[in-house]
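Quick mapping for you: the protein sequence lines, in order, are chains A and B.
Start counting the first sequence at 0; every next residue gets the next number (numbering that gives the first Met the number 0).
Start counting the second sequence at 0; every next residue gets the next number (numbering that gives the first Met the number 0).
Be aware that a few hints might be false.
To be verified - Here are the computed distance ranges between Cβ atoms for each label pair:
id, chain 1, residue 1, chain 2, residue 2, range
1, A, Gly218, B, Ser5, 19 to 27 Å
2, A, Arg41, B, Glu241, 50 to 58 Å
3, A, Asp621, B, Leu17, 57 to 65 Å
4, A, Val615, B, Ala93, 27 to 35 Å
5, B, Gly280, A, Pro36, 52 to 60 Å
6, A, Asp21, B, Leu17, 56 to 64 Å
7, A, Gly218, B, Arg156, 44 to 52 Å
Unchecked claim - Quick list of in silico lysine-lysine cross-link-like pairs, BS3-like style, CA-CA up to 25 Å:
id, chain 1, residue 1, chain 2, residue 2
8, B, Lys233, B, Lys182
9, A, Lys544, A, Lys129
10, A, Lys675, B, Lys182
11, A, Lys365, A, Lys402
12, A, Lys689, B, Lys167
13, A, Lys689, B, Lys277
Said to hold, decoys possible - Counterexamples of contact, computed for chain A against chain B with all Cβ distances above 12 Å:
id, residue
14, Asp17
15, Phe71
16, Ser117
17, Thr135
18, Gly202
19, Leu361
20, Phe393
21, Tyr426
22, Ala525
23, Cys565
24, Asp621
25, Phe627
26, Glu628
27, Lys636
28, Glu685
29, His686
Because the hints were derived from the structure by calculation, they are not lab data.
All values derive from a computational prediction rather than experimental measurement.
Think of the CB as a built atom: it goes at the ideal place given N, C-alpha and C, for glycine as much as any other residue.
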Amino acid sequence: MNDAIAESTWLKAEGRYDYLGDINVKGALEAVLVRSPVPHARLVSIEVPDLPENTFIYSAKDIPGKNKMAFFTEPFPYFAQDEIRWLGEPVAIVCAPDKKTASIIAGRVKINYEPLDSITNFDEAVKKRKPYCDTTLGWGDADAAFKEAARVIETVTTTGAQEHLYLEKQGALAVHADDGSLTVYSTCQGIWCVKREAENILGRPCDDKIEAVLSGVGGGFGGKIEPPLAISAVTALAASLSGKPVRLVLDPDEDLEFTTKRHPSKVRVRSAIDADGHITATESDIILQAGGYVFSSPYILDVALKHANGGYHFPAFRVRGRTIGTNTQLNGAFRGFGAPQAYMAIETHMCRVARELGRSALDLKKEYLLSPGDETVTGGTYRDAGGLREAVDFVARETGYDKIPPRRSNGALCGRGLAFFTFGAPYSEDSNADLSNRQLSISRLEDGTVHIESEITDMGQGIMLAHRKIAAETLGLPLEKVFLDQPRTSGCPSLYMTGASMGVVCYGEMVRRAALKIKEYPAGAAVSVTVLPYQPDWVKYDMAKNRGDAFHAYTFGAVSAEAEVCPTTGLVRVTKLVIAQDSGTPIDKRQLRGQLEGGLMQGLGYAVSEEFTPGVTNRLHDYVVPTFEDMPEIICKIIENHPYKDGPFGAKCAGEAPLVVVGAAVAEAVSRAIGKEILDLPITAEHVLKLLRQNETPHDR
Amino acid sequence: MREELSAAYPKSVEEAVLEMGESTKAVAGSTSFTNAFMPHRRETPYRKLVFLSSVKDFDSIARSDGGIIIRPMRTAASLAEDAELPEALRSAAASLGSPALRNMATIGGNIMTASPASDLFCALCSLDTALELSSREGRRLLPCDGFATAPGRCAARADEILTAIMIKAPMPSISHFIKIAQKKTNGISKAAAAISLWLKDGTAARVQIALGALGPAVRRARTLESAMTGLTEKEIAGLGRETVKKLLAFDISPIDDIRSTAEYRRDVITNAVCEFLKRRGSK
Chain A
0 MNDAIAESTW LKAEGRYDYL GDINVKGALE AVLVRSPVPH ARLVSIEVPD
50 LPENTFIYSA KDIPGKNKMA FFTEPFPYFA QDEIRWLGEP VAIVCAPDKK
100 TASIIAGRVK INYEPLDSIT NFDEAVKKRK PYCDTTLGWG DADAAFKEAA
150 RVIETVTTTG AQEHLYLEKQ GALAVHADDG SLTVYSTCQG IWCVKREAEN
200 ILGRPCDDKI EAVLSGVGGG FGGKIEPPLA ISAVTALAAS LSGKPVRLVL
250 DPDEDLEFTT KRHPSKVRVR SAIDADGHIT ATESDIILQA GGYVFSSPYI
300 LDVALKHANG GYHFPAFRVR GRTIGTNTQL NGAFRGFGAP QAYMAIETHM
350 CRVARELGRS ALDLKKEYLL SPGDETVTGG TYRDAGGLRE AVDFVARETG
400 YDKIPPRRSN GALCGRGLAF FTFGAPYSED SNADLSNRQL SISRLEDGTV
450 HIESEITDMG QGIMLAHRKI AAETLGLPLE KVFLDQPRTS GCPSLYMTGA
500 SMGVVCYGEM VRRAALKIKE YPAGAAVSVT VLPYQPDWVK YDMAKNRGDA
550 FHAYTFGAVS AEAEVCPTTG LVRVTKLVIA QDSGTPIDKR QLRGQLEGGL
600 MQGLGYAVSE EFTPGVTNRL HDYVVPTFED MPEIICKIIE NHPYKDGPFG
650 AKCAGEAPLV VVGAAVAEAV SRAIGKEILD LPITAEHVLK LLRQNETPHD
700 R
Chain B
0 MREELSAAYP KSVEEAVLEM GESTKAVAGS TSFTNAFMPH RRETPYRKLV
50 FLSSVKDFDS IARSDGGIII RPMRTAASLA EDAELPEALR SAAASLGSPA
100 LRNMATIGGN IMTASPASDL FCALCSLDTA LELSSREGRR LLPCDGFATA
150 PGRCAARADE ILTAIMIKAP MPSISHFIKI AQKKTNGISK AAAAISLWLK
200 DGTAARVQIA LGALGPAVRR ARTLESAMTG LTEKEIAGLG RETVKKLLAF
250 DISPIDDIRS TAEYRRDVIT NAVCEFLKRR GSK
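Here chain A stands alone, though its shape is the one from the complex (with noise of 0.2 Å):
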């Protein structure tokens, strides 16, 4: 298919695209959160300064529904209740008919509480606190390898809390009307979610009067999961009980200090080896720092645990994993979910053992490469390795893997890093899950228009265009004829959440299939198609047991980097970025390119710089964001000979991919460079010179 541009696309560029803060609605009130200022404590009281005319406060008593979040199995409260267990946790609503003044107000709020033992470091939590969950996956007698081990070859790898920076703060408004009605606008990942939450606080079980609506979502990288779920429901409480649309936007600093992060992790790898140098076993123990609540963390520890032998068979393999909970913001959902700490440790382990038995850390990488047919820690099977050998080659040769790197006139020291990942997506449902529940529209008018009703999210990564472009193609029409809104719970049936790199393989599928069947029906004819989520029928998947193929497809590809080190500083600059990637046949190639960079630059902040700590990098002039002038060279090619049968015409996912093994390439290439380990990102300049402090000789000082 040929490139296309989404309408979308020029009103963006020529700001006439509406956000949440675009949209006026006469008399909003403003609101404000009251947030805990302690990690953990009894809450004991609340005390309320005299609130001016029109200004309204809520909190947990006044919530007429359940004050836990329905999104999730595990308690989780819109407001603290009893006690507050993270730092910033809200506590109370204010709105007023300016921010100033809610400001104001929510500042004269007393919060009356006993402190708690709290922990806000992650080591001190791993030594002291039980995991909120602790799962063993793997295939293999690992035990029985490592009895038989001529020796052991162990690594420890961590990564720090990255922010999302989606240029649109978290935010969601509240409409009520006199008939009882409520119409909630959110900067969200999915509406249907968003709904239920409305109705689940304010105890309207299956309320049509409630509607969700989508406003135009201006990024999300994930971080537009969880969070919006208690905004949307917490500014429609406001709303209801004060009668007034209520408007809640989160500050850019306060949304950068207490929404979601991704989660920092701790990873020892362990590898057991042969009296001839073969690896026989391996295994994994990742542990990723949760916040004040389970939250979504078993998610992200699950995606971690289905990547922790990157894209590698080993003889035997086992991974534990856990999260551990500390008393601070809540982490979660972000592009790539567990993977990237994941492949930080086993890529970083793979160069160690190459090291220490002295080979090339591209050899050895290849030898236990995986094979179709390969089982899956769950048991699956890998039924293709699509273009991973290709992708290995071409990366390593546009940056000359091999080759030493020529001597640099400003002095710095080069090194160059390889890594590769297999990325497993859209994720199974359990063979037997009723999925009637999760539905797509296609309908025809009799003007020939075809309309898609779907819940899908465009939050700039061009999903719209994307299914417009599947539904055009699958029925021989002009992309101008089909049509697909922004979502509201009243035009369209509940899917899902759009993320996890569902949205072009799983729903797009869904898409095609929907326009086959209007195909079916005779031209002028109104038509309209119901369609489920379509699983494969090989997918065998028991959720339950986390046994079977637990994603249909991969995502294959590789990354490299070049990278200089500056000895006198320390400083890393990467100069160079090369991806290839197997993302089955692209819908949109510019579309995809935009992805890979994009990726590749959200990596390289994540590699080199980013690193959220709370109360210390909590403003965006100290949390440090690549900026364009930090953009190395990237090359991107694009793997398109392997076209997965039950994609839309041959498609897999590609969003999450490209990030996932940036730290990991960088950290090698670092390592390279100055002749010393890289195992913690970010890799800041006070590491690496420490670490080249230790090459000087006595004279040299």
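Dock chain B against chain A, hints included.
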């Protein structure tokens, strides 16, 4: 409810000083001020803002045999493009924030915020700079060096505004600015140094080195300066890393903070200064 802020837009220095007093803040390019007191983030301690952008000729620059007089509203962007300025000042201006920020940020604001990481102020301290402060009571001149005393604190009184930055001639023979920041754009100094050498007959007749983000305020490296004075560039280059580190240690008191560690700051400034001196010495 709190009282609203009032704003003044003086047309001249005379008008401006009449507006100054307790709970009053003079605002230049407003880049730091806006960041510190974003609307509805916190209540400002001020009752009145005096916007200096309306003062006539406040963004001008004048050169004479006696030196250069820069008015406080001169922006970082215009300083960065001014080829006739000493290199340290030009390069410090060019390293500041992002293009948009440089268009707004002023030299006066950078001095008066008294941040230990103020790059322009650091560069000025390496030059022979005096600051002119004006109030209802008249004008006084203070040396740039020592003007800032602690983060956010300086020698100016609440009723004073900065009206001129005077760099006395002769300009140094060698002027250089070192900035260590995590990123090129919008990077805030982890450590900075501005180095000036006035050469006479092949030796450094006078040396001024100012250090940024290495103590509670920008400060001169007086011990290292004395050690370098009277030496040739080759001799200076031969001082050696350990010597430079020891000499610097007398005048710095780096800390661990959000942007870096004390250890890193000590090491990196030593490395960067030595590297520059070595490069000069080999010429």
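- Message: Given the hint of 27 to 35 Å, is the C-beta distance from valine 615(A) to alanine 93(B) inside that range or not?
- Response: At roughly 29 Å between Cβ atoms, alanine 93(B) and valine 615(A) fall inside 27 to 35 Å, so the hint holds.
- Holds or violated: 56 to 64 Å for the Cβ distance of aspartate 21(A) and leucine 17(B)? Once the Cβ atoms are compared, 43 Å apart, the range 56 to 64 Å for leucine 17(B) and aspartate 21(A) is violated.
- Query: Holds or violated: are the alpha carbons of lysine 233(B) and lysine 182(B) at most 25 Å from each other?
  - Reply: Since the Cα atoms of lysine 233(B) and lysine 182(B) sit roughly 32 Å apart, the hinted pair is violated (cutoff 25 Å).
- Item | Hint check for arginine 156(B) and glycine 218(A) - Cβ pair distance inside 44 to 52 Å | holds (46 Å)
- Task: Mind verifying the non-interface call on aspartate 17(A)? Its CB should be farther than 12 Å from each CB in chain B.
- Result: Non-interface label on aspartate 17(A) holds, nearest chain B Cβ at 22 Å vs cutoff 12 Å.
- Task: Compute the least Cβ-Cβ separation between alanine 525(A) and chain B, then decide whether it is above 12 Å.
- Result: holds (51 Å)
- Message: Checking one constraint from the list: CA of lysine 689(A) to CA of lysine 277(B), max 25 Å. Satisfied?
- Response: Status holds; Cα separation ~22 Å.
- Query: Is it correct that the beta-carbon of glycine 202(A) has no partner in chain B closer than or equal to 12 Å?
  - Reply: It holds; glycine 202(A) is separated from chain B by about 32 Å at its closest Cβ, greater than 12 Å.
- Item | Given as non-interface: threonine 135(A), which should sit over 12 Å from chain B by C-beta | holds (38 Å)
- Query: Taking the minimum C-beta separation from tyrosine 426(A) to chain B, is that value above 12 Å?
  - Reply: holds (36 Å)
- Query: Against chain B, does leucine 361(A) keep a CB gap of more than 12 Å to every residue?
  - Reply: holds (30 Å)
- Message: Confirm or reject: phenylalanine 71(A) is not an interface residue toward chain B, with every Cβ-Cβ distance exceeding 12 Å.
- Response: holds (31 Å)
Consistency note: the structure conflicts with the earlier hints numbered 1, 3, 6, 8, 12, 23, 24, 25, 26, 28 and 29.
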